[in-house]
Amino acid sequence: MALSTVLEGWSRARRADTTVLAVLVITMIGVSLLHLVVPETSPFHLTSYTVVLLGKYFCFALLAIALDLVWGYCGILSLGHGAFFALGGYAMGMYLMRQVGDRGVYGNAELPDFMVFLDWKELPWYWYGFDQFWFAALMIVLVPGALAYVFGWLAFRSRVTGVYLSIITQALTFALMLAFFRNEMGFGGNNGLTDFKEILGFSMQSDGVRVALFVASGIALAVGLIVSRFVVNSKLGRVVVAVRDAESRARFVGYQVENYKLWIFVFSAMLAGVAGALYVPQVGIINPGEFSPLNSIELVVWVAVGGRATLYGAIIGAILVNFAKTYFTGAMPEVWLFTLGALFVLVTIFLPTGVVGLLDRKRKVKKVAQPV
Amino acid sequence: MNFSSWILFFRARTGRAFFALVLLLSLANSNWVGAEEIAPAVDASPFAGLLDDDFERKVVTLQNAEKSGHARTLVIFQAMLDDKLFSRKEDDRLVFGYEIEDGYALTDALSGEALGEAGKRDVRRVSLNNALRSALLTSIARLSLSSPITSVRLSAATSTLKEITPETGALFRERLTHETDSQVRDILSNGIALVELDDADDAVKLRGIATLEGSLNQDVRNRLARVVEARADGTNAGVSEVVRTAATRALASIEQRLAWYGFLENVFFGISLGSVLLLAAVGLAITFGVMGVINMAHGELIMLGAYTTYVVQQLMPNHIGASLAVAVPMAFLVAALVGIAIERGIIRFLYGRPLETLLATFGVSLILQQAVRSIFSPLNRSVQTPDWMSGSLAFNEVLSITYSRLYIVAFAFFVFMILVLVMKKTTLGLQVRAVAQNRSMARAMGVRSGWVDAMTFGLGSGIAGVAGVALSQLTNVGPNMGQAYIIDSFMVVVFGGVGNLWGTFVGALSLGIANKFLEPWAGAVLAKILVLVAIILFIQKRPRGLFPQKGRAVEG
Chain R
1 MALSTVLEGW SRARRADTTV LAVLVITMIG VSLLHLVVPE TSPFHLTSYT
51 VVLLGKYFCF ALLAIALDLV WGYCGILSLG HGAFFALGGY AMGMYLMRQV
101 GDRGVYGNAE LPDFMVFLDW KELPWYWYGF DQFWFAALMI VLVPGALAYV
151 FGWLAFRSRV TGVYLSIITQ ALTFALMLAF FRNEMGFGGN NGLTDFKEIL
201 GFSMQSDGVR VALFVASGIA LAVGLIVSRF VVNSKLGRVV VAVRDAESRA
251 RFVGYQVENY KLWIFVFSAM LAGVAGALYV PQVGIINPGE FSPLNSIELV
301 VWVAVGGRAT LYGAIIGAIL VNFAKTYFTG AMPEVWLFTL GALFVLVTIF
351 LPTGVVGLLD RKRKVKKVAQ PV
Chain W
1 MNFSSWILFF RARTGRAFFA LVLLLSLANS NWVGAEEIAP AVDASPFAGL
51 LDDDFERKVV TLQNAEKSGH ARTLVIFQAM LDDKLFSRKE DDRLVFGYEI
101 EDGYALTDAL SGEALGEAGK RDVRRVSLNN ALRSALLTSI ARLSLSSPIT
151 SVRLSAATST LKEITPETGA LFRERLTHET DSQVRDILSN GIALVELDDA
201 DDAVKLRGIA TLEGSLNQDV RNRLARVVEA RADGTNAGVS EVVRTAATRA
251 LASIEQRLAW YGFLENVFFG ISLGSVLLLA AVGLAITFGV MGVINMAHGE
301 LIMLGAYTTY VVQQLMPNHI GASLAVAVPM AFLVAALVGI AIERGIIRFL
351 YGRPLETLLA TFGVSLILQQ AVRSIFSPLN RSVQTPDWMS GSLAFNEVLS
401 ITYSRLYIVA FAFFVFMILV LVMKKTTLGL QVRAVAQNRS MARAMGVRSG
451 WVDAMTFGLG SGIAGVAGVA LSQLTNVGPN MGQAYIIDSF MVVVFGGVGN
501 LWGTFVGALS LGIANKFLEP WAGAVLAKIL VLVAIILFIQ KRPRGLFPQK
551 GRAVEG
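These protein sequences, in sequence, are chains R and W.
In terms of my numbering, the first sequence opens at residue 1 and continues consecutively.
In terms of my numbering, the second sequence opens at residue 1 and continues consecutively.
Just chain R, with the same shape it has in the complex:
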């Protein structure tokens, strides 16, 4: 019975994945055409605001997948995943800052504006290399990955689990936020990095780049989903699920539990870094606020609303919640935090499997009902 349930689960996942991917591809093509080809006068024309908004949602969805990997599949509730997202974003932001060159307010080709403003004389060593895209791209995955590795190694080795782990991940992102607020850190302090001019030689203001970034986010999301599915279906993925359900038992059976946890954590952090890197050029700014613990915990509710340990559920949840956020913060900002708070409470008590679980339950009821 167990095996057949697992197999059925997989085939369902494959069906759902295919649906999500198809919708994703259609959205990417449709939105690009509606924005670029349809004339602005037409009612079907999509404004650049919508394109950027959808691009942001895709990045959030990728971030949600990253969290689902560790929370849904491995049972590690990270309240600090926003930190990896922000680090990826900062790596991208540093590249974009270097691309500004001498077009800044102070016209200094070597130093970003905020360093000139702080009266710094030369580029700090950790900014070296960020004028090359390949280097920045490497850092986008390496920096979050390295932090996750060090942090995870320390935490998992000493068997910090459950709420303890959640709290120290939150402390981690809180500490990083405080650190990045400092001007001395060399990341623009309070204001962060902004006023970007171009990416890979193309102006960031052009429609083409906007659509390209949107499509890139969509592709990253699709690839992220496929690779993550591959990971959770692999042997590593199955051991990770075993660790989630019975950590001590997995350990006694002979698995190096720490290593499995560590690798899934690092992989997840890298995905989050990529999501952050795609997010920054679309919104045009990265500042220490992205490290705020609230962001990380909001991300948890996306996954909870969508449904844990399904991957596609994370995507659905991220887009649903963020759509609601965009709507509420625009229409009635007072209500948003009430809604978000209520979502946390209601989903955990009444809907532990999320929207996806709700859909599944309906289908199961139908299936059981048919033969009768």
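Footprint (simulated), chain R over chain W, 3 or more residues, beta carbon under 8 Å:
| hint | region |
| --- | --- |
| 1 | 490-501 |
| 2 | 520-534 |
Coverage of chain R stretches by chain W, computed from C-beta distances (three or more under 8 Å per stretch; other residues unrestricted):
| hint | region |
| --- | --- |
| 3 | 152-162 |
| 4 | 175-189 |
| 5 | 348-362 |
Hints in this document: simulated from the structure, not taken from any laboratory.
This structure is a prediction, so every number in the text was calculated from the model and none was measured.
Note that beta-carbon positions come from the ideal geometry of N, C-alpha and C, so glycine has one too.
Given chain R, put chain W in place with the hints provided.
Coordinates of chain W only, in the frame set by chain R:
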């Protein structure tokens, strides 16, 4: 211009002399009626001679005026020193003039009565020369040093000490024989010793240095440092080697005492921060430590306590002093009721699922924050500090402690002791511990575990509310205030060891002190980061905190 605006004006214009003066003005105020009775007899006043052009005659007038014992003498002398004493050309009346846009606002020097405004040309400044200035300084010092009010004498002695001259030194010597207050006596003898330092005789100099050895006064330190300074530039040519060595030793002993007091101050600030952490964390130690329930809304319960204080003060604006006494039980009730509602409404359904509890209570915290924002506005509210909590307790010139911090330390310890007693000595405490150790066994023995859960949660939440009252006296009361404490509180509980109140106590104090000692060295933000990192590393070594719970129940 009324009386209080004068004082403000003086503060802005005269800086240093202000301190002595406000006290003197209040002195003058007490003799107000008497002053007005004398006022009409302008010519008969002892100050008429000040209008004279001859400086020597002015000096004589000064001396006579000082002897006259006129109530306004000090005020007039001070105004004269500050170039604010004028004579009005039309009737040669002595007036105080305060600069306004194009002219002076005048008040009668003898009665303090406002005389309206006058143009720049309508008045003549009572002029001064150096001899007169120094005579004035001495007179003012002598008058205020013999004042019957100790605080006036103290501030006069302190300000005179800054620019001590042989004349004022002699004055100090004379006053020392009459002075009874030990603090004033210290300053007087310091002043005498400072004059002795300028003496030609090395023996006198050495005596001066010996007196100064125990002093913590900034001016004394600067003066000694000047004696010690190298002679290479020729400035200290007159100082012999013996004197220099003695001065060096005296200075070193002063520095040592300063370092010691600096250390004490850091320890106190650390304890003060630690007691705030203790207040914030001890409620959490109960809900998290004893019940195993993580309550992310704990910070918001603190916030509710602070807002309760605000509301109580709004309801009794005339009794701010008593408001805190009302606010403490009110805050406890409000927070405890909200806590019980959270437990019965949400957490009850989530026992055994700690991560879900964390998320649900986080949702509650968002709702509470937004509720406060909607009801009270997103801006910070100002909570008043009652009079009995303001001011500070000065041990000496470098070490002083504000009463508000002192009371909060005492309050935190008091709350902690109450909590320990409740947990150790009451039936509720016994049942709470029983449920924490083995829920099903406790139920089998007839403990109503649901009721115990609700009460425990109410107790922990109520303590958070009480913490809010204390915090409202230290920080801004706003919708976000709870968030600032939640991570710190968790760190304290995790560091101290879950399920152990004394662990929380030690954890809070040591984190507070560590923070304050790192701060001067690394800056406030970096200190905080360092402490966080240190805790993360600490958990590596001792995953269950400083004082781990022992036994089988822990492993579950």
